[in-house]
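Residue numbers (this note's numbering), protein chains in the order written: chain A, 1 to 221; chain B, 1001 to 1229.
What the hints contain is simulated information worked out from the structure, not anything from laboratory work.
Heads up, some of the hints might be wrong.
Said to hold, decoys possible - Pairs of lysine to any residue residues, derived as SDA-like cross-links and limited to a Cα-Cα distance of at most 25 Å, are as follows:
| no. | chain 1 | residue 1 | chain 2 | residue 2 |
| --- | --- | --- | --- | --- |
| 1 | B | Lys1087 | A | Gln45 |
| 2 | B | Lys1227 | A | Val139 |
| 3 | A | Lys116 | B | Lys1170 |
| 4 | B | Lys1043 | B | Asp1011 |
| 5 | A | Lys127 | B | Gly1104 |
| 6 | A | Lys127 | B | Val1216 |
| 7 | A | Lys117 | A | Lys127 |
| 8 | B | Lys1227 | A | Lys64 |
| 9 | B | Lys1170 | B | Gly1144 |
| 10 | B | Lys1138 | A | Leu50 |
| 11 | B | Lys1227 | A | Lys84 |
| 12 | B | Lys1227 | A | Gln54 |
| 13 | A | Lys46 | A | Met63 |
| 14 | A | Lys87 | B | Asp1011 |
| 15 | A | Lys64 | B | Val1216 |
| 16 | A | Lys84 | B | Lys1043 |
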Amino acid sequence: MSGKPKLHYFNGRGRMEPIRWLLAAAGVEFEESYLEKKEDLTKLQKDGSLLFQQVPMVEMDGMKLVQTRAIANYIATKYNLYGKDLKERALIDMYVEGMFDLNELLMAYGYQPADKKEQHFANMIDKATNRYFPVFEKVLKDHGKDFLVGNQLSRADVQLLEILLMAEEFKADILARFPLLQSFKARISNIPTIKKFLQPGSQRKPPVREEDVAKVIKIFY
Amino acid sequence: MSTKPKLYYFDGRGKMESIRWLLAAAGVEFEEEFLETRDQYEKLLQGGSLLFQQVPMVEIDGMRMVQTRAILSYIAAKYNLYGKDLKERALIDMYVGGTDDLMGFILMFPFLSVEDKEKQRALIVQKATSRYFPVYEKVLKDHGQDFLVGSSFSWADVHLLEAILMVEEKKSDVLSGFPQLQAFKARISSIPTIKKFLEPGSQRKPVPDDKYVETVRRVLRMYYDVKAN
């Protein structure tokens, strides 16, 4: 096992993307092994690498970590992106879990059948703009600081930026009503490790394309 | 706000049950306010108590915590049920992720049509016996310790016991191929705080029934058909 974390997933965002963001934000170089066909998944399952037969899986520090939250929690703690005490962790967890819920909605859009897409789109935009974004706009407004929690960069900031950018891919003016989220987005995007991740050629993955959906479904079902 | 944690949810299991289990396991007394009417829910919403407009919500240590995982992580860390270091926490997180996924198949069960319930029951049993139980059986067999992680009682043990009992409600002999889990179940059930929680009269909630489903639908105005996953 090399010294770098190694990510096992398909060549796309899905549930691995928040982990790529976190590692990149922490300035940690990582390798990736892509599942291209069902046999790739089966091989990993057969050799006992996947605790619950599922990916994401990340090889790091002598462990084969699975379960998105377990992986993200480990990385965030190790690289000091999880607040300074229990109460800050509680806030970060609340915010991040909300973002996780929104991410599930955004991520699922590409895989909806044609007749369900419009309704799904309306629902996810509604949730983004009426349930989630107002919360984070208010958090920033109330404390007036640069970061969501404890006045220092945490996974909550990284994951919020990720979500804001994803939402904008669906609706370019989705942040129109949220001036603080707009300045947050600019500010966090400028952090050197994150700026680098946002440049072409990084390991950041593009949104899933129609043509890839069938391929992904074949690997997992 | 009293010093005891206060839980806001329906009078039933749903997503709050794992939180009840963990508080009980830690020996922490808690109060509950049950949502019975739409009005109560709207009052909570208007009062700004629900960060993302959802329950579970737990008032604890001056915070109004939401998001089940956030609440569970806080309680686990506060009451020393989260392992002794980063690596143990990673193991606990992985194991809890698995039991969470397993219980997720059961969460929507009461809301399914009669026909879908039969299919879902079979799915729950299949997932439990082919994907999840074998993992925990092997963990226990490999290290031969009483508890899943670090020779010490943790959140992972509480969560696994909860999952085992819930699956047994769907198929009473589901542990027949899993001797380690049978012994684990007996062992963890006899821990005093857990034993107390398992006795009648505790705050543990019964298997959800139609009245529970009706209450949830009414309070959340959740009238759409729920499909099996």
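inquiry  = Please verify whether lysine 127/A and glycine 1104/B have alpha carbons no more than 25 Å apart.
reply    = holds, 22 Å
query = For the pair supplied as a hint, lysine 87/A and aspartate 1011/B, is the alpha-carbon distance within the 25 Å limit?
reply = Violated, at roughly 28 Å.
ask   = Under the criterion that the straight-line Cα-Cα distance not exceed 25 Å, is the pair lysine 1087/B, glutamine 45/A satisfied?
value = holds, 23 Å
ask   = Taking 25 Å as the top limit, are the C-alpha atoms of lysine 116/A and lysine 1170/B close enough?
value = violated, 32 Å
key: lysine 117/A paired with lysine 127/A [C-alpha distance capped at 25 Å]   = holds, 15 Å
Proposed proximity, aspartate 1011/B with lysine 1043/B (alpha carbon, max 25 Å) = Answer holds: lysine 1043/B to aspartate 1011/B is near 18 Å, not above 25 Å.
ask   = Holds or violated: are the alpha carbons of lysine 1227/B and valine 139/A at most 25 Å from each other?
value = Violated, at about 35 Å.
Hinted pair lysine 1227/B and glutamine 54/A, Cα distance within 25 Å = Since the Cα atoms of lysine 1227/B and glutamine 54/A sit roughly 23 Å apart, the hinted pair holds (cutoff 25 Å).
query = Would the pair lysine 84/A and lysine 1043/B pass a check requiring their Cα atoms to be no farther apart than 25 Å?
reply = violated, 34 Å
message = For a C-alpha distance cap of 25 Å, please report whether lysine 1227/B and lysine 84/A respect it.
response = Since the Cα atoms of lysine 1227/B and lysine 84/A sit roughly 41 Å apart, the hinted pair is violated (cutoff 25 Å).
key: Proposed proximity, leucine 50/A with lysine 1138/B (alpha carbon, max 25 Å)   = holds, 14 Å
ask   = For the pair supplied as a hint, lysine 1227/B and lysine 64/A, is the alpha-carbon distance within the 25 Å limit?
value = violated, 33 Å
Of the hints listed earlier, those the structure fails to meet are numbers 2, 3, 8, 9, 11, 14, 15, 16, in rising order.
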